[in-house]
Structure formats: structure tokens, C-alpha cells
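Novice: Listed here are the chains, written in short residue letters.
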Amino acid sequence: MSDIVLKTEDLTKHYGGVHALEGANFELKRGEHVAIMGDNGAGKSTFVRQITGVEQRTRGKVWLYGEEVDFAGPLDAREAGIETVFQTLALADHLDVPDNLFLGREKTKWDWLGPFRVLDYKAMRQDTMDALERTGVKIPNIRNTIERMSGGQRQCVAIARTASFSSKLTIMDEPTAALGVQETAQVENIVRTLKEAGEPLILVSHNMRQVFDLVDRIIVFRRGRICANLDIKTGDYSGEDVVSYITGAKTGEEYMETAT
Amino acid sequence: MADTSHGTGGLTFDKSKRSWPNELNILLALVIIIVVFEIIGQTAPYMRGQSFLFDTKDRFDSIFNEARLQIIILQVAIIGIIALGVTQVIITAGIDLSSGPLVAATAMVAMSFGQTELVNGQPNPKALFGPWAMDLPVMIPVVVGLAFGACIGAINGTFIAYLRIPPFIATLGMFLICRGIALWWSGGNPISFPTEQFAFIGSGMMPVVWFIVLAIIFQIIMSFTVYGKHTYAIGSNEEAARMSGINVKRHKVMVYMIASMLAAFAGIVLSSKASTAQAGMGEFYELFAIAMAVIGGISLQGGRGSIIGTVLGAMVLGVIRSGFTYIKLDGSYQLMAMGSIIIAAVVLDQYRQRNRA
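Protein sequences, first through last, are from chains A and B.
Per numbering that gives the first Met the number 0, the first sequence starts with residue 0, numbered consecutively.
Per numbering that gives the first Met the number 0, the second sequence starts with residue 0, numbered consecutively.
Simulated from the structure, these hints should not be mistaken for laboratory data.
Treat the hints with care, since some could be wrong.
Example chain A residues on the side facing chain B (calculated, C-beta under 8 Å, incomplete) [unchecked claim]: (1) L74; (2) F85; (3) L90; (4) A91; (5) R104; (6) M255.
Glycine included, each C-beta is placed from N, C-alpha and C at the ideal position.
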């Protein structure tokens with residue numbers, strides 16, 4: 000199997016005349032945690048949406064573990080092993096924790112009933128408890144509906160969802176943007192758990208401290224293009240360096256020609 | 000009780016912690032309404048101490064006034080069948096206005112295959128088709144009627160899910176189309192004299208049997224199957240449902256198809272009960288079906304409510320209608336009062352939701 004988890008070549012997305020993403024070449028190695036940074040509208044979320052099949056790219060190629068992939072929708076991506084925590088929480092407010100964890104891939108009995116196959120609530124509850132314990136997520140009562148939970152608890156449910164299925168690649172799009180200090184720490188612990196388990200991760204974040212704490216490498220997006228690829232574990236980069244890449248004061252050497 | 004919000008001790012499935020179900024509130028309202036009518040009946044001078052639901056005449060060995068109970072349940076049963084489908088549509092945050100005219104159209108279509116050839120030894124005077132369509136086995140009109148409903152529902156669902164027409168508009172258009180089909184089918188003439196088998200479907204208390212059986216089936220489906228879970232998920236957060244890999248469009252078409260098939264079945268039962276099908280049947284049924292769901296606590300924003308709620312909502316509506324007649328309230332006042340009650344039910348529900356959130 001290939002050592003490259005995810006590779007994109009010339010990944011591009013235009014919304015009408017708006018060039019939201021332009022020629023992104025990206026690589027993620029096995030067990031690597033990479034952060035994607037950039038200003039609002041720099042193309043971070045657009046990049047994520049192309050990889051996860053939520054939107055269809057204008058052009059470019061994507062490889063997952065060496066195999067070229069072309070996802071028709073988010074379910075395809077998920078079935079291929081890409082688990083995503085989206086910026087806008089993809090949770091159903093009126094359903095409880097197990098329902099949300101297993102939404103779209105419920106455990107069922109009597110599958111011959113087709114769409115009316117029966118939900119295996121007991122198995123899903125048990126798996127939910129296991130997943131929450133494994134990730135260290137604390138929820139008072141898993142039978143509570145999401146609408147009765149705090150923002151942090153909701154985010155934890157969303158993350159537990161990705162962690163409870165053995166995934167080949169986890170993507171988190173600003174997982175701690177709306178969280179308090181303690182809740183953020185909890186989410187970061189989950190990320191460290193994934194790192195120890197050797198699971199590759201793409202983290203979209205604005206939080207410089209968090210990024211330097213958690214990841215191996217930073218990719219900076221600016222105006223729809225990648226403008227820097229910083230190996231922060233070996234290279235000597237400071238937060239100020241990253242900021243100057245984000246704002247456009249600096250551009251990585253290899254991107255000089257394309258980024259403006 | 001210790002605070003369980005931290006530590007794995009908090010990862011519990013605690014039945015006692017489940018919230019007070021909304022259905023109990025509706026049941027409570029139902030009891031209060033019955034008590035109010037009972038008090039009016041016992042105290043108002045012009046009522047001469049009659050009881051609303053209890054048997055005070057002691058002619059039969061029963062506690063309840065069974066005749067009135069039967070009338071109440073029978074009155075709501077057919078619209079209740081429609082309401083079971085409308086409930087599912089509303090849970091997806093949609094609406095179905097086409098069910099009333101669909102009842103009429105299906106009644107016409109089904110009855111035209113359920114006629115009997117000879118009426119008192121004479122040829123059926125209302126025969127629509129030739130002899131080939133007479134005295135057919137009962138399965139044929141039923142299957143044709145349900146298939147017709149499924150087609151209408153598929154069209155509704157396709158326009159709503161794939162062409163992104165707002166449900167209100169799509170089903171409003173279908174409302175007119177179905178009324179038109181009902182008139183066109185026989186040129187406005189009633190279709191009458193069903194076969195014995197076809198007449199059985201809606202005879203006596205059969206509509207109530209159908210209503211209860213279907214309510215139980217769909218309560219189970221909504222609570223325990225993938226179909227039910229996805230229906231709630233779509234109404235709760237359509238985007239999340241889509242991202243979770245649910246085929247939202249296909250699922251919506253299925254929900255509208257099931258709703259229309261239930262309305263079509265109501266049309267079959269109604270025409271059987273009345274022994275005739277007429278283009279003007281089912282007037283305002285769609286609105287009463289929506290009212291039952293709304294009184295039963297189904298949120299028009301989607302994602303919340305249950306079939307049990309709608310059944311209770313149907314009972315509330317039936318009791319109110321019967322109660323108004325019982326206290327001899329004039330028909331015009333009845334309409335005004337019922338309208339007010341529907342609005343009050345939604346206001347109360349929204350107030351409750353705000354307090355909870």
C-alpha cells in the first residue's frame with residue numbers, strides 16, 4: 000500500500016466566476032497530522048469540501064492511498080474511509096447521541112425489510128458508550144437530544160462520530176472555533192489520541208497555539224492557492240512567520256510563481 | 000444523586016431521566032376538554048343534566064355512552080388515516096395540501112372498478128365502464144386506488160425533492176389537479192353501487208379498525224426503523240442528513256408517496272362507507288388532517304412529533320366537534336371555536352418549546 004494517504008493535484012473549484020480554490024497540490028503521509036491555515040475565504044473549507052465529496056471539483060485529481068478517487072457524494076468519501084467533522088455541525092438536533100453517531104449507517108436487524116429494516120438500538124447504544132469512553136468524551140446522558148447539549152458537548156459528539164468508526168483519514172474543520180477553554184482541551188486530547196493511534200488527520204484551524212501544539216506540518220492557503228508548506232517539527236518557524244504567510248507578507252519559495 | 004456530568008459514570012442510559020413526553024400533555028388536554036364538556040352538560044340549565052361520555056340513562060350495562068364514543072371515533076377515523084401520512088410529511092418539515100382532493104379522486108378511480116353489475120336485478124344505473132369492469136375481485140379497485148395514490152405522491156415528491164419546488168406550492172397545485180381529475184373521471188357524475196366485498200372495507204366500524212391498525216404500524220415504523228429515523232433526521236437538519244449520507248431526495252419522494260397512499264386508502268374507505276364516490280368528497284380533509292397533526296404536537300418546523308401524538312390530536316378534534324354538538328353550539332360558532340383551538344395549540348406548543356430551549 001502507498002505511503003501517501005492523500006494526494007491532490009491541481010485541485011480547483013470555481014463558483015461561477017469566483018475562483019475559490021486554484022490548483023492545490025497537497026500530500027499527506029501515513030500517520031501525519033497536518034494543519035490547514037489561512038484567512039477567511041482563503042479556500043480552506045472549499046478544499047475540504049472537494050476532498051470529502053460534499054461538492055464536485057471543477058478540475059484536478061485526488062488519490063486516497065494511491066488510488067485515484069472521484070466521490071459522487073459525502074457517503075462515497077465516508078465509505079472510502081474519510082471521516083469529517085464539519086464547521087457547521089452535521090448533527091440532527093432532535094435526535095440523541097447514538098442516533099447521531101450512526102446517522103446514515105445505522106446498525107439494523109431484519110435487513111430484508113429494505114427501508115423498513117429495524118434499528119438495533121441496543122448494539123448502537125453499546126457502541127456509542129465504547130466510542131465515548133475510548134475518546135474520553137463525557138456526555139451526561141446519551142439519551143439526551145442534541146438540542147439540550149452545550150456547544151462543547153455537541154462538538155464532542157461530532158468528533159466521537161468520526162472516531163468511532165475505523166477511518167483511514169480524519170478531517171476536522173475548525174473543531175474548536177465555538178468552544179470554551181475546557182472543551183477545547185477535551186477536543187485537543189482527542190486529536191492527540193488519534194496521533195498516538197497513528198491515524199492521519201487534517202485539521203483546519205485559526206488557533207496558532209493549537210496548531211503548534213498538535214500538528215507536524217502547516218499548509219497555508221491564501222486567496223484560493225496554497226502559499227506555504229511549513230514542516231514545523233523540523234523547521235524553525237514561529238507563529239509570526241505563519242501569520243506573515245497568511246497575510247501575504249511572505250510566500251513559500253516553491254509557490255512563488257503561482258501565488259500572488 | 001451525585002453529579003454525573005463528569006467521568007465515565009456519566010455515560011449512562013437512564014430511563015428515568017427521559018423527558019416528559021409531549022403526548023402526555025395532549026392526553027391531559029383531552030381529559031380536560033372532556034371534563035369541561037361534562038361540567039357544562041351537568042350544570043347548564045338547558046342541558047337537563049345529560050352526560051357527555053357516561054351512560055346516565057342506565058338502559059345498558061355500560062359505564063360509557065357507547066353510541067357517542069363510536070360516533071366520535073368513526074368521525075375522525077377516515078381523516079385520521081390521512082393524518083398519519085400528513086404527520087410523516089410534516090416531520091420532514093414539509094406539508095401536503097393535496098390529500099383532500101386526492102381522497103375524492105381516488106374514491107372515483109377505485110369505485111369505478113368496484114361496482115356491481117346488477118342492482119336489484121337491474122343493470123347498475125351508475126355504471127361508468129362496460130361489463131368488463133363490473134363485479135371484479137375487491138383487490139383490483141384497492142390496488143388501482145393505492146397505485147393511483149402512489150403516482151400522485153411520487154409526482155409531489157419529485158417536484159419537491161428534485162426540482163426544489165416548495166412543498167406548499169407543489170401540493171397546492173396537486174390539490175387543484177386532483178379535484179380536476181375527480182370531476183373529469185366520470186364527467187361529474189357520482190359512481191355508486193359497489194360490490195359486497197368493496198362495501199365491506201368501510202362498513203360499520205371498519206374505518207376505525209383501519210385507522211387503529213395503520214396507526215400502530217406507522218408508530219412502529221417511525222420509532223424502530225431506518226425509514227422513521229431518516230424521516231426525523233431530514234426534518235431536524237436536512238444538511239446534516241445529507242452529509243451523513245442519507246439519500247434525502249429519494250427519501251422525501253418515499254415519504255410523499257406513503258402519505259398519498261394513505262390518503263388514497265382513506266378515499267377507498269370513504270367511498271366504500273358511503274357506497275358512492277363523488278367529485279366533491281373530502282372537502283377540507285387536508286386541513287383537518289393537518290390540524291390533527293398540529294394539535295398532536297407535530298412541529299411544522301420538522302423533526303418533532305409522533306404518530307401517537309397525531310392519534311391523540313385526532314381524538315381531541317373529534318371530542319371537540321362532538322362536544323360542541325352535544326352542548327348545542329351553533330355550527331357557525333363551532334367553526335370559529337375550532338379554528339381558535341388549532342391556533343391556541345400551536346401557540347402553546349411554541350411557548351413550551353421556547354421555555355425548554
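Novice: Hint by hint, say whether it matches the structure.
Specialist: Comparing the hints with the structure gives:
Interface hint at A/L74: satisfied, since its Cβ lies 3 Å from the closest Cβ of chain B, which is below the 8 Å cut-off. Using the Cβ-Cβ criterion of 8 Å, the hint placing A/F85 at the interface with chain B is satisfied: the shortest such distance is roughly 6 Å. About 6 Å separates the beta-carbon of A/L90 from the nearest beta-carbon of chain B, less than 8 Å, and the hint is met. About 4 Å separates the beta-carbon of A/A91 from the nearest beta-carbon of chain B, less than 8 Å, and the hint is met.
Proximity of A/R104 to chain B holds as hinted, the smallest CB-CB distance being about 7 Å (cut-off 8 Å). The beta carbon of A/M255 comes no nearer than 37 Å to any beta carbon in chain B, farther than 8 Å, and the hint placing it at the interface is violated.
In the structure shown, a violation is registered for the earlier hint numbered 6 alone.
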